[in-house]
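Trainee: Just so you know, this note's numbering puts the end of the sequence shown at 133, numbered straight through with nothing missing.
Calculated directly from the structure, the hints in this document are not laboratory data.
Computed Cβ-Cβ distance ranges for the label pairs, DEER-style:
#, residue 1, residue 2, range
1, Thr37, Arg95, 35 to 43 angstroms
2, Ala35, His122, 26 to 34 angstroms
3, Ala82, Thr37, 36 to 44 angstroms
4, Thr37, Thr83, 39 to 47 angstroms
5, Gln64, Asn34, 23 to 31 angstroms
For glycine and all other residues, C-beta sits at the position ideal for the given N, C-alpha and C.
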Amino acid sequence: MTLEHVAIWTTRLEELRGFYEQFFQGHSNARYQNAGTGFQSYFLTFASGARLELMQRPGIPANQNTPAEQYLGLIHLAFGVATMAEVDAKAQELRAAGFPILSGPRITGDGYYEFETLDPDHNRLEVTTPYVA
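Start from the sequences, fold in the hints, and give me the full structure.
Mentor: So, in structure tokens, the structure goes:
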């Protein structure tokens, strides 16, 4: 069994699509739009085959997670890269583009090398790879 996709509500559909295309090499389909409900979405596909659905519709309440507080439920998306150098390079790229690095890059207690950041909607993201001494 595979995890088919994860979906995120947003009020900035085009901005979020651009972010995941630019920084995480997601490939987007054409925008789906339901004129009756105001619902719009994109599916972004990544090299692994995993997909991310970005959705927008009037009336969806704001995300309650903040960089300082976390709530029960989905807390982050993790993107894997092949090397620790790629983790470092991605952290530098996102920092230079103005995105916060919340932690790391660092070695975790469970054997990974990673950093944590936020997308434009403040969804938490990790970029990770197995730690190699």
